[in-house]
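Number of protein chains: 2
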Amino acid sequence: MNKTIMEKAHAGIELPEFTEVAKYERVSIDKIMEGVAAGTIVITKNNVRPRPIRSVGIGSGLLVKVNANIGTSQDSADIKNELQKLEALVQAKSDAVMDLSTGGDLTAIRKAIIANSPIPIGTVPIYEIAVKQRLTGTPMIKLSANDIFKVIEEQAKQGVDFMTVHAGLTARTVEMILRGSRTMNVVSRGGAFLFQWIRFNECENPLYENFDRLLEICRKYEITLSLGDGMRPGAVVDATDQPQIEELLTLGELVDRAREAGVQAMVEGPGHVPIDQIETNMKIQKQICKGAPFYILGPVVTDIAPGYDHITSAIGGAWAAYFGADFLCYVTRTEHLSLPNIEAVREGVIITRIAAHAADIAKGHPGAINWDLQMSKARFDLNWERQISLAIDPKRASFIRDALPPSDEEVCTMCGEFCALKMTKEALPKKTSEKQEI
Amino acid sequence: MNKTIMEKAHAGIELPEFTEVAKYERVSIDKIMEGVAAGTIVITKNNVRPRPIRSVGIGSGLLVKVNANIGTSQDSADIKNELQKLEALVQAKSDAVMDLSTGGDLTAIRKAIIANSPIPIGTVPIYEIAVKQRLTGTPMIKLSANDIFKVIEEQAKQGVDFMTVHAGLTARTVEMILRGSRTMNVVSRGGAFLFQWIRFNECENPLYENFDRLLEICRKYEITLSLGDGMRPGAVVDATDQPQIEELLTLGELVDRAREAGVQAMVEGPGHVPIDQIETNMKIQKQICKGAPFYILGPVVTDIAPGYDHITSAIGGAWAAYFGADFLCYVTRTEHLSLPNIEAVREGVIITRIAAHAADIAKGHPGAINWDLQMSKARFDLNWERQISLAIDPKRASFIRDALPPSDEEVCTMCGEFCALKMTKEALPKKTSEKQEI
Chain A
0 MNKTIMEKAH
10 AGIELPEFTE
20 VAKYERVSID
30 KIMEGVAAGT
40 IVITKNNVRP
50 RPIRSVGIGS
60 GLLVKVNANI
70 GTSQDSADIK
80 NELQKLEALV
90 QAKSDAVMDL
100 STGGDLTAIR
110 KAIIANSPIP
120 IGTVPIYEIA
130 VKQRLTGTPM
140 IKLSANDIFK
150 VIEEQAKQGV
160 DFMTVHAGLT
170 ARTVEMILRG
180 SRTMNVVSRG
190 GAFLFQWIRF
200 NECENPLYEN
210 FDRLLEICRK
220 YEITLSLGDG
230 MRPGAVVDAT
240 DQPQIEELLT
250 LGELVDRARE
260 AGVQAMVEGP
270 GHVPIDQIET
280 NMKIQKQICK
290 GAPFYILGPV
300 VTDIAPGYDH
310 ITSAIGGAWA
320 AYFGADFLCY
330 VTRTEHLSLP
340 NIEAVREGVI
350 ITRIAAHAAD
360 IAKGHPGAIN
370 WDLQMSKARF
380 DLNWERQISL
390 AIDPKRASFI
400 RDALPPSDEE
410 VCTMCGEFCA
420 LKMTKEALPK
430 KTSEKQEI
Chain B
0 MNKTIMEKAH
10 AGIELPEFTE
20 VAKYERVSID
30 KIMEGVAAGT
40 IVITKNNVRP
50 RPIRSVGIGS
60 GLLVKVNANI
70 GTSQDSADIK
80 NELQKLEALV
90 QAKSDAVMDL
100 STGGDLTAIR
110 KAIIANSPIP
120 IGTVPIYEIA
130 VKQRLTGTPM
140 IKLSANDIFK
150 VIEEQAKQGV
160 DFMTVHAGLT
170 ARTVEMILRG
180 SRTMNVVSRG
190 GAFLFQWIRF
200 NECENPLYEN
210 FDRLLEICRK
220 YEITLSLGDG
230 MRPGAVVDAT
240 DQPQIEELLT
250 LGELVDRARE
260 AGVQAMVEGP
270 GHVPIDQIET
280 NMKIQKQICK
290 GAPFYILGPV
300 VTDIAPGYDH
310 ITSAIGGAWA
320 AYFGADFLCY
330 VTRTEHLSLP
340 NIEAVREGVI
350 ITRIAAHAAD
360 IAKGHPGAIN
370 WDLQMSKARF
380 DLNWERQISL
390 AIDPKRASFI
400 RDALPPSDEE
410 VCTMCGEFCA
420 LKMTKEALPK
430 KTSEKQEI
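Residue numbers (numbering that gives the first Met the number 0), protein chains in the order written: chain A, 0 to 437; chain B, 0 to 437.
Just so you know, these hints were derived from the structure itself, not from any lab.
Model, not experiment: these values are computed from the prediction.
Take the hints with a grain of salt, since some may be wrong.
You can't tell identical chains apart in this list, so a pair holds if it fits in one copy or across any two.
Said to hold, decoys possible - Derived pair list, reagent style DSS-like, types lysine-lysine, alpha-carbon separation capped at 25 angstroms:
hint, residue 1, residue 2
1, K2, K289
2, K282, K362
3, K141, K424
4, K92, K110
5, K394, K2
Just chain A, same shape as in the assembly (with noise of 0.2 angstroms):
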């Protein structure tokens, strides 16, 4: 049987992939190799793969990574518009994409994107059965496991990097739904068809009781595991309770298993979360998942702003990251509204990354503070410029300096003449510039 990644770095197998992370991370490869072996970093790439892809490596220790979903749905399904979101995405450097698709047909937009795509890509297969249960009134009681991993397997096959399966939400956390008393229930699309499958066919999670089979997959194409939160909460008041807990505890054991097989897995995270309880969330999940990287999506630090749920998720995001997150899945401003137009993905992409780097630098990534220093000294040296040019979004940041110009190009409107750092180098001695001419 061939080695997988994981199974080759702890064997110290040194592949191309260990020497481009640890490059890209500037951190040693050793600590790249021990990282995969133990399970705390993934890097996600199919071996089937018909194009090559950044080696992009997830986890403890690393820079944070982020993800853009895109994906057509039933009111919206343009194969082009999403080729647009994809390049989109890849300019404003996300490090990963998540083909959600819905609508249209969804194999053929797949592998447009897979094709496409210079970073990994991610898949949650259960959509696609779900899509074609809906579209051909197919009762649930008819689906079968088999039906699951055929269209598992086939995006495996396309070239698939990563994929998020929805195991851990089992028949008991269907019945802690039922008793209990959440004010959103289930809000994982993921989450919602499994419950439906559970509740109709009154047996286990199909996802569950044939995890073996699942991994054997994951063997055969190099396919991360992204073990999904069906039970993610979707209201701050139902921030980690007890169905998110219990689920989180079959998420360990998956994990667990996952590793013994020699298959990367990461483990996806709430949700709505209130400030509080981001640091307890972080925390549990990297205890009961022994470090696996944690993957999240927010966490929506309050429900009350739709319209400016990139920036709820950029509060919350930013301290999850700090605390331990691993990857950040984007929120556009378009969440619990709509699909997000090809603007609003480019600018979720960057404001995620905002996020990320405000972890990185606190937590002192070594790759991470010289950006901000670059950027200070800049401002320092009033050197317009290259603040722009170091600008995370220089389009952004010329557009508005640029839209009410300085009568004096030495300094910015909002000040003018009693610009503080001119004021005060008009009363220090001189600096050091001259003696460098020396």
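Using the hints provided, position chain B relative to the given structure of chain A.
Coordinates of chain B only, in the frame set by chain A:
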């Protein structure tokens, strides 16, 4: 001598302001009076104001408040434009406004803002001195403490409710900057002006030296002091350094002196601060300044995002408020680049309110969580009309939803048919709504 608000609270005299604040905050009037007497709560209200304003309480145990800065500059000095910004920020529900004008007829602009504002108004009187000094070319050495106090008293007579004074930036602080190795030195405009003054005149900060004279004016007009942080870090690498903390120690001393004189005082704080230092910054301020209300700008958690500093500040501000900050000054998307336009003002207030609210729910303020609960119920019910009306910005929420209208009005275009809430409900036993009809 007439008693100040603080002294009346101490003497148990129930002012209408105390009742108004208690009602708004949903806490007892005793709690408000205890806080005002102790100096952990301030109610900023000049006693010669020409028009009544809302009584706004700021401090420990209260809802986190939001301030918006407006004001002209040399490059943009249109009084109508400032009044439009005032209207926009009031509509967006800012709790206070600061007029930071440095261009045009400052007295007339301030008069117009005071006449039109239903919320407290703050200023930084040193700006007016600085403007006069630069425009007339008066040498620093000719400017006396009398010149400053004249402007302060004029502004007090006009009806300004709170004033930022950089009285904590002393000759010792200046020495620290000269000896030190800050990347950005002084980024506060008021701080930079006093830095110049101290350097050129070779004497102590006149606001520090004549602090008792300042307190007399504050007593007379019931001005709330906002003790400015001239040493706030303007780069994340400069955060929590010696000059910043040195100034904070002096501010702590000035808080004591203000309290002894029956004058209300807040303390201003950073600035650019990385995530890992925010909790420490909030706690050291509260400790050194004995629980004085903390009024913060940002904190901006990374330097690399000009054009997105409304977001870097929301990330910092929400958490700073959770850790104890009481009053958040908005930072708009134009920060570091330009003066904000009307839309940036409106957006800035809303985003800062989101940060404040996220902290309020995390701290368990009794008046906060119900909004989120109502929103989540409206989401669960797929009641779109109510979701929009409950949104912090109904205009933006409906604009986004309407831009890509779903074919099924019950759901949204993100999930369409595959709405998790809809799917879960199909699998749930009938809920209690029928029972309620009995």
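Broken hints, by number
5
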